[in-house]
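There are 2 protein chains.
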Amino acid sequence: MATIKDVADATGLSRSTVSRVINRHPYVAKEKKLLVEEAMKQLGYTPNSLAQRLRKRKTETIAVIVPRIANPFFSQLVESMEMVAGEHNFQLVVCQTNNNKQRELKYLNLIKTKQVDGIILTSIDNDWEVIKEYTNYGPIIFCNEYDENAGVPTVKLDQFKGGYIGTTHLIERGYTKVACCCGFFNSSLTDDRIHGYRTALKERGLPFRDEWCRTNAFSIDDGKRILRDLMHLEEPPDAVFTGSDEVAAGMIKEAKQLGVVIPEEFGVLGFDDQPIAELMEPGITTIHQPVKEIGKKAMEIMLSYDSKPLNEIVELPLHLVVRGST
Amino acid sequence: MATIKDVADATGLSRSTVSRVINRHPYVAKEKKLLVEEAMKQLGYTPNSLAQRLRKRKTETIAVIVPRIANPFFSQLVESMEMVAGEHNFQLVVCQTNNNKQRELKYLNLIKTKQVDGIILTSIDNDWEVIKEYTNYGPIIFCNEYDENAGVPTVKLDQFKGGYIGTTHLIERGYTKVACCCGFFNSSLTDDRIHGYRTALKERGLPFRDEWCRTNAFSIDDGKRILRDLMHLEEPPDAVFTGSDEVAAGMIKEAKQLGVVIPEEFGVLGFDDQPIAELMEPGITTIHQPVKEIGKKAMEIMLSYDSKPLNEIVELPLHLVVRGST
DNA sequence: TTGAAAGCGCTAACAA
DNA sequence: TTGTTAGCGCTTTCAA
Chain F
41 MATIKDVADA TGLSRSTVSR VINRHPYVAK EKKLLVEEAM KQLGYTPNSL
91 AQRLRKRKTE TIAVIVPRIA NPFFSQLVES MEMVAGEHNF QLVVCQTNNN
141 KQRELKYLNL IKTKQVDGII LTSIDNDWEV IKEYTNYGPI IFCNEYDENA
191 GVPTVKLDQF KGGYIGTTHL IERGYTKVAC CCGFFNSSLT DDRIHGYRTA
241 LKERGLPFRD EWCRTNAFSI DDGKRILRDL MHLEEPPDAV FTGSDEVAAG
291 MIKEAKQLGV VIPEEFGVLG FDDQPIAELM EPGITTIHQP VKEIGKKAME
341 IMLSYDSKPL NEIVELPLHL VVRGST
Chain C
41 MATIKDVADA TGLSRSTVSR VINRHPYVAK EKKLLVEEAM KQLGYTPNSL
91 AQRLRKRKTE TIAVIVPRIA NPFFSQLVES MEMVAGEHNF QLVVCQTNNN
141 KQRELKYLNL IKTKQVDGII LTSIDNDWEV IKEYTNYGPI IFCNEYDENA
191 GVPTVKLDQF KGGYIGTTHL IERGYTKVAC CCGFFNSSLT DDRIHGYRTA
241 LKERGLPFRD EWCRTNAFSI DDGKRILRDL MHLEEPPDAV FTGSDEVAAG
291 MIKEAKQLGV VIPEEFGVLG FDDQPIAELM EPGITTIHQP VKEIGKKAME
341 IMLSYDSKPL NEIVELPLHL VVRGST
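Protein sequence lines, in the order shown, are assigned to chains F and C. Residues in the first sequence are numbered from 41 upward in steps of one, following this note's numbering. Residues in the second sequence are numbered from 41 upward in steps of one, following this note's numbering.
To be clear, the hints were calculated from the coordinates, so they are not data collected in a lab. Just so you know, not all the hints are guaranteed correct.
What the hints assert, rightly or not - Calculated pairs, DSSO-like style, for lysine-lysine (alpha carbon to alpha carbon, straight line, at most 27 Å): (1) F/Lys264 / C/Lys296; (2) C/Lys141 / F/Lys81; (3) F/Lys146 / F/Lys98; (4) F/Lys96 / C/Lys146; (5) F/Lys336 / F/Lys201; (6) F/Lys146 / C/Lys73; (7) C/Lys141 / C/Lys196; (8) C/Lys337 / F/Lys146; (9) F/Lys81 / C/Lys172.
Unchecked claim - Label-pair distances were calculated between CB atoms; the ranges are: (10) C/Thr239 / F/His272: 46 to 52 Å; (11) C/Pro247 / F/Asp198: 55 to 61 Å; (12) F/Glu212 / C/Gln297: 26 to 32 Å; (13) F/Asp49 / C/Arg55: 27 to 33 Å; (14) F/Val354 / C/Val301: 43 to 49 Å; (15) F/Glu169 / C/Gln297: 50 to 56 Å.
Source: prediction; values computed, not measured. For glycine and all other residues, C-beta sits at the position ideal for the given N, C-alpha and C.
With these hints in hand, go ahead and build the complete structure from the sequences.
Right under this line is the structure:
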């Protein structure tokens, strides 16, 4: 492989001058610039970015940490992040934790070992006290999941509102025994959704029951399983507010299996407004999240972090989309 | 940040010895090893991997090129690749081409500039003659999409068989006017599927019609649009073999919209066996592809490439899954 | 506008 | 078993 020295030798100039041409430095005589460019082409020279990175102390690489990339919500998030990163010639490293603390730590280490310039966390497994240490090595940003006390740049949605308007909608539809089935136990996002759910119940004078409030549901299969559980309770609910369209879809599928008619006998509300929400029969009433936008925004904040490291909290809007499942 | 020199100074040893400890070199006195480890902990030292990479000429990073990560097929592929890479402490950089040749080239350049050790291509946009040049810089592997003439390691499925068994199934169900609606025009994968489709038609003495054979369909919306097109033909088909479950789902949705009854009046066959195939009403009869396995296998070949750079072609099995749409 | 020289942090051949 | 030394390929003062 040709190196900068080869180009220097070929042109009779110094490595400095060649470097200046590579980096579009202003003070290079036009003729020498052309000479260098010619030689680079001739030799098939490409700068070794490993060397550039070591010297500049910049990797032009961002890591995004997700539970699982195959989860449609996260793959959409990553899609929009990659598009922004790509435009700026940054690379995006995908890290899957499977919600494992150890794996999250392993990936947080990427910033300590200078393998990436920054990390975007879309889920949080370790306590903030643990994660905090890594902020000494470079920017860490939250996108989707969050921690109020962290004081790092955050792009999120008003999850309280999501829980509130979803539950309120179910109640207005006439359901009186509303269950909820959210994601991670022990996450601010889930806490806020459940808080919104409980607030809506309270406002309308409906009961909250522990056995109707489930967490750690993510997949279609989780939805199926939990619906069956709920139906077998002594007092089954007549509607459910879920934390994702996948869970809602699994519930609808299983309800049909059990002969429960949706929405007449049981109402199901999703979250995210994934393509599947429109395809299901009946369509899933859901809370639309601007997934693409939050991913885009988070990456933009990351890429402009050096010039303005504000610890801003961006909150994007979400809204209800009514379909047939309620 | 502490460097190896700091550790050397703190212990009174040389950088070499510290380096040996870092790299688990056999010949280091146990006591000195402990001494070094103690000092590393004390100083909060972590090796700078940029420097290690430059020196070792290894990035421990693999790039995977996909059209769009939000496409469920590709997100599953990437999920399994990342899992294997992660186990080996390799990073996975995700690159989205959107089927743009320029973007593909930009990402192929990662290997030229030594930013990654290898590239896995899951789709192909440029001609092999163009891509070939990049094999001089490191391993390039095909996974999913392929090019027979390339002579690079390839993990694929028997797409001819997929087209053949899918179409045969439709014919056996009694459909006689079978259309097809595949992915990229100008890809070996698509060519082979269509070839299988045509072979099945021919064997059963059914006609092939140009206007029944569509390509460049990927999304739910493509499915909807094309179904409408097909239905408005002078002689509409009575079934369709599609290249993905998303397209099939879009078609089923649109058919309902148009009042076309599935499977009685129109049969739809998907490809991939995504979760959505089971959720749709009716369920989508589809060709199951072992997505996880091909991703896993491709990454395994990549990671073992140095020790055994065989240009093997691995072909994994696919099979029909019958549901309600045919 | 250019070049010499130092050095980013690390590894590895060689010598001891 | 350890240390010395020479780089990996590049950028960036500093001086000219």
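Exercise. Is the gap between the beta carbons of F/Glu212 and C/Gln297 within 26 to 32 Å?
Worked result: 28 Å, holds
Exercise. Is it true that the CA of F/Lys336 sits at most 27 Å from the CA of F/Lys201?
Worked result: Roughly 22 Å separates the two Cα atoms, so the pair holds.
For this session: Would you check the hint for F/Lys146 and F/Lys98, treating anything up to 27 Å between C-alpha atoms as holding?
Result: OK: F/Lys146 and F/Lys98 at ~20 Å, within 27 Å.
Problem set entry | 27 Å Cα cutoff - pair C/Lys141, F/Lys81 | With a Cα-Cα distance of about 21 Å, the restraint between C/Lys141 and F/Lys81 holds, given a limit of 27 Å.
Problem set entry | 27 Å limit on alpha-carbon distance, applied to hinted pair C/Lys337 and F/Lys146 | Distance ~24 Å between C/Lys337 and F/Lys146 Cα, so the pair holds.
Exercise. Does the Cβ-Cβ separation between F/Val354 and C/Val301 fall within 43 to 49 Å?
Worked result: 48 Å, holds
Problem set entry | Assessment of proposed distance window 27 to 33 Å (beta carbons of F/Asp49, C/Arg55) | 31 Å, holds
Exercise. Taken at face value, is the distance from the CA of C/Lys196 to the CA of C/Lys141 at most 27 Å?
Worked result: 22 Å, holds
Exercise. Is the distance from the Cβ of C/Thr239 to the Cβ of F/His272 consistent with 46 to 52 Å?
Worked result: Since the Cβ atoms of C/Thr239 and F/His272 sit about 51 Å apart, the hinted range of 46 to 52 Å holds.
Problem set entry | Given hint C/Lys296 paired with F/Lys264 - CA-CA distance at most 27 Å | Holds, at about 25 Å.
Exercise. Do F/Glu169 and C/Gln297 keep their Cβ atoms within the hinted range of 50 to 56 Å?
Worked result: Cβ of F/Glu169 to Cβ of C/Gln297: about 54 Å, so the range 50 to 56 Å holds.
Exercise. Does the alpha-carbon distance linking F/Lys146 and C/Lys73 stay inside the 27 Å limit?
Worked result: 24 Å, holds
Every hint from the earlier list agrees with this structure, and none is contradicted.
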